[in-house]
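Here the protein sequences come in this chain order: A and B.
Under our numbering, the first residue of the first sequence is numbered 1, with each subsequent residue one higher.
Under our numbering, the first residue of the second sequence is numbered 1001, with each subsequent residue one higher.
Hints in this document: simulated from the structure, not taken from any laboratory.
Quick caveat: nothing in here was measured; it's all calculated off a predicted structure.
Using N, Cα and C, we set each Cβ at its ideal position, and we do this for glycine too.
Just to be clear, a hint being listed does not mean it is correct.
[To be verified] Anything over 12 Å on all C-beta distances counts as not near chain A; from chain B, calculated:
1. Gly1031
2. Ile1048
3. Asn1091
4. Gly1113
5. Gly1129
6. Asp1196
7. Ala1197
8. Gly1248
[To be verified] Calculated pairs, SDA-like style, for lysine to any residue (alpha carbon to alpha carbon, straight line, at most 20 Å):
9. A:Lys388 <-> A:Gly457
10. B:Lys1227 <-> A:Asn62
11. A:Lys428 <-> B:Cys1069
12. A:Lys115 <-> A:Thr154
13. B:Lys1133 <-> B:Val1149
14. B:Lys1258 <-> A:Gly131
15. B:Lys1258 <-> A:Asn62
16. B:Lys1258 <-> A:Ala61
17. B:Lys1162 <-> A:Pro419
18. B:Lys1227 <-> B:Arg1254
19. A:Lys388 <-> A:Leu449
20. A:Lys428 <-> B:Lys1162
21. B:Lys1198 <-> B:Asp1235
22. B:Lys1136 <-> B:Asn1091
23. A:Lys170 <-> B:Leu1009
24. B:Lys1136 <-> B:Pro1092
25. A:Lys428 <-> A:Val403
26. A:Lys143 <-> A:Gly131
27. A:Lys170 <-> B:Leu1006
28. A:Lys428 <-> B:Glu1213
29. A:Lys428 <-> B:Arg1208
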Amino acid sequence: MNPSSCSSSSTVANDSLIREIDASARPPLFVLFFSGAIWLVISSILGLIASIKFHSPDFLANCAWLTYGRVYPAATNALLYGFAIPAGLGVGLWIIARLGQTRVVQPWIIAFGAKIWNLGVLVGVFGILNGDSTGFESLEMPKYAAILLFIAYTIIGIWTLLTLHARQEKTLTAPQWFLLAALFWFPWIFSTAHLLLTVWPVRGVTQSIIAWWFAANLKFVWFGLVGLAASFYFISQLMNRALHSQYLALFTFWTILLFATWSGIPHSAPVPAWMPAISTVATVLTLITILTVMMNVYRTVGRGCGQAANPAPGKFIAFGVMAFVVSWAMHVLNALPELAIFTQFTWFNVAQNHLNVYGFFAMTMFGAIYYIMPRVMDMECPCWGRVKAHYWLALLGIILIAVPLAVGGIIQGFKLNHPQVAFVEVMKSSLNFLRATSLGEVLLLVGHLLLLANLIGLAVRYARSRVTPVFVDAMTEIKPAGVKS
Amino acid sequence: MNYGALIFLAAFIGISASWFGFVLTPQIQIGRETQATNTVNTAELYPIARPGQANEGAEVYRANGCVYCHSQQIGQSGTEVNVVLSEIGTNPVAVVEALINAKVGVTNANATGLSAGLPKTILRNVSIGNAKKASKAVRDAGAESRVDVVPVGVDIERGWGKRHSVAQDYIYDHPVMLGSQRIGPDLANVGVRLPDAKWQLLHLYAPRTVVPESIMPSYKFLFEQRKINGQPSPDALPLEGDYAPPAGYEVVPRAEAKALVAYLLSLHAGAPLYEAPLSVASAPAATAATNSPAK
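Can you make the complete structure from the sequences, with help from the hints?
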């Protein structure tokens, strides 16, 4: 795209291939990331409305569409399905193309799939606001939206697999295993959950069991696999060295597949006791996942400081890894029945969920997007200052949400466990913590607007760069005439 | 090394293991639970399907996301077995003596005043064996007692339910909305706890008129404010102060609000089941019958 920049042909073949790969990924990535940023803004506006209701519960009381029980799931779904999954798919596609040293196969079809996905999310979020939620947490999107999402995912997934298949570099590395497993994983859990919960609903609490299974597999397995693939890939890119150990990564991979898939059945559930028991054991075993990730990242980064070309994406990725460790550790603690009685039904779980979905996954995706987009657009990011601002806003926002919720949740849990404390008192004790989180939501919203602005900035510069050469030519023809006089 | 096949195998094992575990196996184990005569002693059918209006109300509950603030599941930390003396008979001294001799925890020191204010719990949190021994001793001495099985736990102490929730309670629900948050109180037994439909409607329209510190959102959109034509509607909410409609107007529940309240009132999960036992009044005869062969 930037014909002026490279005329000499020394680094050449490799360089131009990388450029071609990046250029081939542009259409789908542009759709996935740009719409993702828009959904983030929508999500945080909806989230803010939901959070205001805690301070003035009569706010917008006449509007069914904006009641708390609709706005809140709409916000979480816009985050999960509007941003997180498409961003993961986009980042995964780019990593697969780059590692395989091959162009994206038929990128326009993937971009088309991404558009159908967005249509599905749009229909789904409106469905939830219209009262069509399925009633299962993390799976609220109604059946008609789920069909669109499934079709879109299938299109994106198949062409991502074709890209993987077309790779020139045959050896698969850790990020590719992770992404391959994740690609297969989502359609399986999503179709199972929808078929057995909304199409041919199963009986009684087996519905809840499937819904928990789906939520855990989405938030721990899918996000874990895709998020860690991105962490491993970008850490080694930014540090300019290979991942410390592929075998340790293989260990991480296996423990996620074998243990994280079984987590998610809460201790309190009115189901046969073996289910929460197995779930607890499996969740505790995900400690191995946490430890192997920590060790791998530490050994890769810790051997002296690498020279990262641009530190901003690295900051996001580093925060993501830290949030991964904290949130998965919280998840392990939560699974222990002795502790779960103090955290169940409290804000602590919300804090854990937020740290995992946002602190770990979304932050890693932000870092990846800021790393990828300038390359894909073949533009220097004009705005590293604003990227840094986004980083600090997101970091403060997450801390202002997760810490008060975790602390407030534990206090709430202790009070809930003392029947002498009236329920109204329990509820009141968490209100001040909720106020802090509203501030956090505002910071996140500003951060999302910055992300959108940064992407728009890149797009505008990209559009200009395609126009300028013509301009410049025109100018050079005109100028001499002007000078003459 | 051919990693491709390995990854595929790993992913397949991973997926199918948890799928078999948490999707298929529960179907085999409890997926076909039906209404059963599962209640302790009384052999009544349980659970009873909801009437139509309450089913519509469940849809309102789902659509408006009540589940994000209210759980519908009661936990319990254990079960206590208590012995309750219901009649002292003709010879109180013999009863006390028999109890002391039975060596179930009644001693001279705490036996004083045993017969005052019947029925009275004379043994609390004892083993089932001791409870049976005690009731046999009491019966032999000419008095009457019963053995109470009392679930205990924080939720039960809060009065949210009598026993913990079990799978059987939910077989007619779709979706099952167990909930993961208690921003508001648990609703598993709200139909028993707050059975007044008028109160429920008022609480939905203006929560803070009945619970001043509540943070529940108002559900005004489930109600209609309309001009009074002739006689005021018998359904009109008794609103006062800030919440009162302008003069000549009244606030009446729409069909959704009535359905939602019908659903809330249908929420009760307190039947004594074999998997969740709970004391029932007619215990003595049954205890006697099961007691003799066990001796």
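Need the status of pair lysine 428 of chain A, cysteine 1069 of chain B: alpha-carbon distance at most 20 Å?
Distance of about 14 Å is within 20 Å: holds.
Agreement of lysine 115 of chain A and threonine 154 of chain A with the hint, judged by alpha carbon distance not exceeding 20 Å:
Satisfied, since the Cα-Cα distance of roughly 13 Å is no more than 20 Å.
When you look at the beta carbon of alanine 1197 of chain B, is every beta carbon of chain A farther off than 12 Å?
holds, 21 Å
Would you check the hint for lysine 1133 of chain B and valine 1149 of chain B, treating anything up to 20 Å between C-alpha atoms as holding?
Holds. Lysine 1133 of chain B to valine 1149 of chain B sits at ~15 Å (cutoff 20 Å).
Pair hint outcome, lysine 428 of chain A versus arginine 1208 of chain B [Cα-Cα no greater than 20 Å]:
holds, 14 Å
Taking only the CA atoms, is the gap from lysine 428 of chain A to lysine 1162 of chain B under or equal to 20 Å?
violated, 26 Å
Between the alpha carbons of lysine 1227 of chain B and asparagine 62 of chain A, is the straight-line distance 20 Å or under?
It holds: about 18 Å lies between the C-alpha atoms, which stays within 20 Å.
Compute the least Cβ-Cβ separation between glycine 1129 of chain B and chain A, then decide whether it is above 12 Å.
holds, 24 Å
Is lysine 1258 of chain B within 20 Å of asparagine 62 of chain A, Cα to Cα?
The hint holds at about 17 Å.
Would the pair lysine 428 of chain A and glutamate 1213 of chain B pass a check requiring their Cα atoms to be no farther apart than 20 Å?
holds, 8 Å
Can the restraint linking lysine 1136 of chain B and asparagine 1091 of chain B be considered satisfied, given a maximum Cα separation of 20 Å?
holds, 15 Å
Given pair status - proline 419 of chain A, lysine 1162 of chain B, alpha carbons within 20 Å:
Holds, because 14 Å separates the two Cα atoms, which is no more than 20 Å.
The structure does not agree with the numbered hints 1, 20 stated previously, though it agrees with the rest.
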